[in-house]
Amino acid sequence: MSIRTLLVDDEDLARSSMRQALAAASDIEIVGEARNGVEAIEMIGELRPDLVLLDIEMPGFDGFEVVQHLANPPAIVFVTAYDEYAVRAFEANAIDYLLKPVQPERLERTLARVRPRIGAGAADAAERNSELKDIRTVLRERSGPLRRIAARRGKRIVIVPLREVIRVEIEDKLVFAITASDRVLIEKTIGELETMLEPVGFLRISRGELVNLETVKELVPWFSGTWRVKLANGEERDVSRERARQLKEAMGIE
Amino acid sequence: MKWVLSMFRFQNGLPPLRDVPSLLAKCVIFGAVTGPFWAALFTSFSSVSDALHIFTDPRTLVCTSAIGVIFSLCFFIPCGPGNWCLRPVLAGYPTVIVRVVAIVYNAVACSLAAATSFAIITRLPFGIHLEFPFFPQIIVVDGLIGGVLALVIGAFMRLKHQVEESQTKLRLQELAVRELAMAASQAQARALQSQINPHFFFNTLNTISALIEDDPVAARQMIGRLADLFRYTLGCSHADAVTLGEEVQFVRDYLSIEHARFRKRLRVHLPEGRLPDVRIPGLVLQPLVENAIKHGIAPLIDGGSVSIQVAPSSAGYRVSVRNTADEHALPEFAAMFRPGHALENVRDRLRLFTGEAEPLRVDRGAGWVEFSFIARTSEARAAA
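For the protein sequence lines, the chains are H and B, in the order given. My numbering numbers the first residue of the first sequence as 1 and each following residue consecutively. My numbering numbers the first residue of the second sequence as 1 and each following residue consecutively.
Watch out, some of these pointers could steer you wrong.
Derived Cβ-Cβ restraints for the label pairs, each shown as a range [unchecked claim]:
1) B/L352 with H/K248: 50 to 56 Å
2) H/K173 with B/E344: 48 to 54 Å
3) B/E358 with H/A94: 42 to 48 Å
4) H/A94 with B/H238: 44 to 50 Å
5) H/K217 with B/D326: 24 to 30 Å
From chain B, some residues computed to sit far from chain H (all C-beta separations above 12 Å) [stated by the list, open to error]:
6) C85
7) I301
8) W368
These are calculated hints, taken from the structure and not from any lab test. Remember, predicted model here, so these are calculated numbers, not experimental data. The beta carbon of each residue, even a glycine, is placed where N, CA and C say it ideally should be.
In isolation and in its complexed conformation, chain H is listed as follows (with noise of 0.2 Å):
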């Protein structure tokens, strides 16, 4: 059985050194190399690959976010040609890494690692979710709070910047964020979108929704302990019971 691959790196050289290292592994089969973060995640999304051997530093996200924004990951090993502080949290968290250049019996030993992961059932994805969340704790101490957000537009992802984000609300099940000239749709579950956001400045204001709270410009007191909220494209939003509390304490009203 092969593994289906995918190599993300920005730099031209850098992919072709990775496959030449990886022609020696018979099982591996690459179907696809990203250029980017943008690329990295649309490509895992549409090829599903078993494992991404995913570069940290790259333009448009940076190997860490691509993670953030992956719902049902792969396996993943990240890349990198030198960053102290990342090798020092894999090696903490026991995640798996190589380092450029690579070296053949390196990557030998950690594909040994990597295969019998690969297809192993949903026991192992609950591990790998496990995993994942280490990763994203060593995200945030090495990168500081999440900045961006990667959206989908028809087929394409885009960046979009979290301080443009007012609100995000759920329309058919589906996810979406609004900035003042846009709403996108967002690959995430709202409590996904809530544990990632929460830290920068959003609030979930009823089941359906969060606001970013930089937009608030108004707290109206509505109906039998709901609230109203104005934003700052002129919208208004209901503020259910439990959460007006939160809302007016993260606002510093109480």
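Use these hints to put chain B onto chain H, whose structure you have.
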């Protein structure tokens, strides 16, 4: 006066042999000059006009001078060498013992010297016949004077020695402080010395590794360039400053390596032609370019451009590095200079070099950011 006082300067034991003639000469001159005054002093006890006569009559003047010389030699010979010999012998003993021995010795030496000199002088046929009715008393008084002189000179020497010692100590301390300060600023400059960024180094190794099979010629070329970069970096750690031309050439080499990685995502504009002959600290321009690539161009999917410009300004030349950047992603001015970060390093070294508080200027606009500093001409730097 100082010259005469130098007769007494023998605190370090025996004077060198070559100093003995000059000491004797000083002694003779001292005696010759003071002789008439001593004679006048003694004569004035009986007759003031006789005392003044000594200075008006040349013959008497010469005679009293000669007597002075004999007196001086008579005191100098027992007291001088004796003290020189005593000094090293007594060096290890407590001060009290040294004092007592010195006073006793000098008292005895002075009495002896007085006796000898009077004996010689009174028998010399100089035509002046001096009567000394209280000869034994004079000897005793001279001995006392010798002892007191020994005490006073000893105390004076000791004080002088202490003052000199503390002055020396102070000078040594000052020297040590200055040396420390110098070492500190050198260490600071060394610590600040920018080095080849490890990210860049490992990325280049990776590029070379990829090229080896596909394009061995390019791989070899790149190894050569990397070697040049290292040589330049090492050279900079020995030199205070480099010419702008050298630094720009270094940036050119550096960019040619980066270009192999970024390909058409990296567009470069470097100054053409001869550059003005100004000096800047080594490795300040390259980190700015590296910063431009790392934080400005690398995060952009389509890449961007970096340009170096050199324009005349009032104090010399303004050297600027401008690059494409997502202006929304740029940090605040203060946040750009993080400890240990290349920009802070560049700013600190420019500060050490120029003495300006804010040598690095940051300008920004829609889609670009620019770092610049003034490279002063040597005249402008001398004036400052």
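Against the structure, test the hints numbered earlier, and report the numbers of the ones violated in rising order. 7
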